[in-house]
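A.B. asks: Add chain B to chain A, keeping to what the hints say.
This is what each chain is made of:
There are 2 protein chains.
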Amino acid sequence: MTLRLRAQWVLPITGPPIGNGEVVVEAGRIAAVRPAPPAVPDARDLGNAILMPGLVNAHTHLDYTVMRGALEDRPFFAWVRALVACKTVLDPEDWLASATFGAAEAVAGGITTVGDCTDSGAALHAAIALGLSGVIYQEVFGIDESRTVDAIMTELRGKVERMQSDATGTALTIGISPHAPYTVRPALFRALADYARGAQLPLCIHAAESRAEQELLQAGAGPIARMFARRGIAWQAPGVSTIAYLDAQGVLGPHTLLVHGVQVTEADRALWRERGAAWAHCPKSNAKLGNGVAPLTLLAGRDDPTDCPRVGLGSDSVASNNTMDLFEEMRVAVLLQRAVQQDVGALTAREIVEMATLGGARALGMDAQAGSLEPGKRADLCAVCPGALHGVPVYDPYSTLVYTARASDVMLTMIGGEIRYDATRGNRIEDRFPHLDLRPIRRRLDVAARKIRARYPFDTEVTS
Amino acid sequence: MTLRLRAQWVLPITGPPIGNGEVVVEAGRIAAVRPAPPAVPDARDLGNAILMPGLVNAHTHLDYTVMRGALEDRPFFAWVRALVACKTVLDPEDWLASATFGAAEAVAGGITTVGDCTDSGAALHAAIALGLSGVIYQEVFGIDESRTVDAIMTELRGKVERMQSDATGTALTIGISPHAPYTVRPALFRALADYARGAQLPLCIHAAESRAEQELLQAGAGPIARMFARRGIAWQAPGVSTIAYLDAQGVLGPHTLLVHGVQVTEADRALWRERGAAWAHCPKSNAKLGNGVAPLTLLAGRDDPTDCPRVGLGSDSVASNNTMDLFEEMRVAVLLQRAVQQDVGALTAREIVEMATLGGARALGMDAQAGSLEPGKRADLCAVCPGALHGVPVYDPYSTLVYTARASDVMLTMIGGEIRYDATRGNRIEDRFPHLDLRPIRRRLDVAARKIRARYPFDTEVTS
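Chains as they are written, first to last, in the numbering used here: chain A, 1 to 464; chain B, 1 to 464.
For reference, chain A alone in the conformation it holds in the complex (with noise of 0.2 Å):
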């Protein structure tokens, strides 16, 4: 069964767009990329639209989306603390309404892939009824000494098998996500990078994000340490940078995903480029906090016309965001590089759509399927409709893209060939997901938003 999809504007990525092009679609993939002939009957002509690659969200936590706004105005370390507190009011029902309500916001939005790091697993179950391709990280936690790296390890592998199994017959991979320096002791990593290796698992971890973490590794100072300190939890600060200490621990690899990388050096960079470590980049969550602006020309190694860069671009959790918009995570990445380092050149609109695509993709090891128009990919694929009103005039449609588009203004979500949300299927929401019905999901996430509504502000002291 051939699909013809015709656009005004076709975003190959790995080539210049093409102006009136088509891309047809083959039993789930993309068969050809190219100047749409003469119309043919069966063609879907999206019109006045731009047809590009799905988008990759190399970083979220689809979990949280119940937590939208209800974390603000914290610093980094308090924010952390309120969420570990808004989790224990949730059960595995509201987690997976959570989930996929996020899911369905990430296919609403173009995107197609994500890398998603998920503690209570219901990540996997969302990503699988939307359809999603991408890596599902199962977070690992454990500072301290209550339970044993044995007994955490052992409960892991048989969390880890059951989600492989779940995950037969999708484009998704499990992995493995020991979430941070400040809540993975030492020989939990080394435990976590030895089954890595053995079940070729892909890594996860949040590195380099605030100063907090940073003072902790260096110093053994800052909020973090003191909360260790309270619950009696013992540390050695190594006084080496994030990056040193993640690879004393045998975690930096090709197949290893680090998120963030605020608070990196040139001397980390040469550290993780020969380990082949790739980056997902959360601008929007990374300046919400107060953590600042990640230094992108050294991720993506803009300097060495040698790279190719292994960065993606993540949403992170709208637990931080607050929205799951890659436009606009695209559009902030521009300003924030632009505005930080004065400098008009230091990050264009193509360069910023190629991370968000085929960066991603690359960074999730899954560029061979993902991430770009070429014959043989997946067809992962969405539609963009300039807005009637802040998306006129086009002059370019990479223009377009990052600085005017708009999740909302995405028309059509296709991933492995099928369809996953339609705006032209009805003006509700919920009419637009041809496999999802979202009124049960939209109920429950209304219970869970009420559970934590009684719990609000939790326990929270506010240090900095």
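Keep in mind the hints are simulated off the structure, nothing from the lab.
Careful: at least some of the hints might be erroneous.
When chains are identical, the list treats them as one kind, so a pair holds in a single copy or across two.
As the list claims (entries may be wrong) - Listed below are the simulated SDA-like cross-link pairs for lysine to any residue, each with C-alpha atoms no more than 20 Å apart in a straight line: (1) K451 x Y395; (2) K87 x I143; (3) K159 x G253.
Bear in mind the structure is a predicted one, so any value in this text is a computation, not a measurement.
C.D. replies: Just chain B now, kept in the frame of chain A:
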């Protein structure tokens, strides 16, 4: 005639949010703001919405709407020159369509009041067509001696008198805008200061926007000085800051609105405070053009509790932004301040909503009429419906407005008691403006855009 608007949240700005609130409108003014009494037949219940004062866009150029996306990736002064080149291809009918389309974008995005700088004069007619309130500043240029100060002033007086006549019976005031220190010579600044004082005209000046401007004033160096030298323009660098320079020209006073303020110091602050001048903060434009981040703590004087900040939020023109979406402008303002200051307390949702409403009204000298929901003020309102995906759940309406809302979430805009935009009138944008036929405007905008495309990419050597 009485109109009652009800909504799940009413945000008066000058007081805490009211759950299930009501705003009573009588004869174009606000008669009451209160918890909703039991339903009465003539009330319009907006349901799941946030009803708030209309947004105040303290700085824009409606004229330049057609240039959205036409001038990308140029350093500040190269961008200015490309914009000037672009202007030469447009005729009055193009300008009117461009400005009117921009005014429609404003009103559809909840903006009811503007501070607009216009060269062509079209913005005044656009603002009248959409019913906008605010200040329309006629721009003045004249850095070289090709026209005498007398000739410029005679022409300006004629324009201002015609504009005042055209604005009779509207909520629009006419002002004048000496464009910037690098486009207006000292003798012209002084003549404009005299005229403004005598005729009681508010002033608006682009000030302290770029390093190029700073280099020109401090040292007679940089790209602007080089252009002056090429064109034989006499320039004696005053060797002082922009603020000190403008003060020496006599243009700082309580009716002066300064725009940008990226390159300012504590000493500058003492000066503009003594003169009583106000600011428009344009964070997205400043970032995108590589100018940097304005020190909002300095502009708004947040360290001084006796301050009543006269700082508004501005989109600047869509030739640099590229949208007029004050919700996103609020969001990016917070993200930039938090990122640069590495402090989550740098700017909160409540503070930025106040800046985008009451702060802007104060900056434009209109706070007796606009900027908050208070009995006696003009009924300038907007209602925002939290997004069906991105706006769920709502824990705090301020968080929802700043961190999730988009201009396209606006469901209703009322100006002076008149409904000027109503999303419930239809799904097509053309059906939503009760007093405006958008179709011929859009058609003319397309004509104007074709003229720009034909000249693209203009005569713009890239000089940083």
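A.B. asks: Now look at each hint and say whether the structure bears it out.
C.D. replies: Results of checking the hints against the structure:
Taking the shortest alpha-carbon separations for K451 and Y395, only the inter-copy value of 12 Å comes in at or below 20 Å, while the best intra-copy value is 48 Å. Taking the shortest alpha-carbon separations for K87 and I143, only the intra-copy value of 18 Å comes in at or below 20 Å, while the best inter-copy value is 62 Å. In this assembly of identical chains, the alpha carbons of K159 and G253 never lie at most 20 Å apart, being 23 Å within a copy and 68 Å across copies at closest.
Checked against the numbered hints listed earlier, the structure breaks hint 3 alone; every other hint is satisfied.
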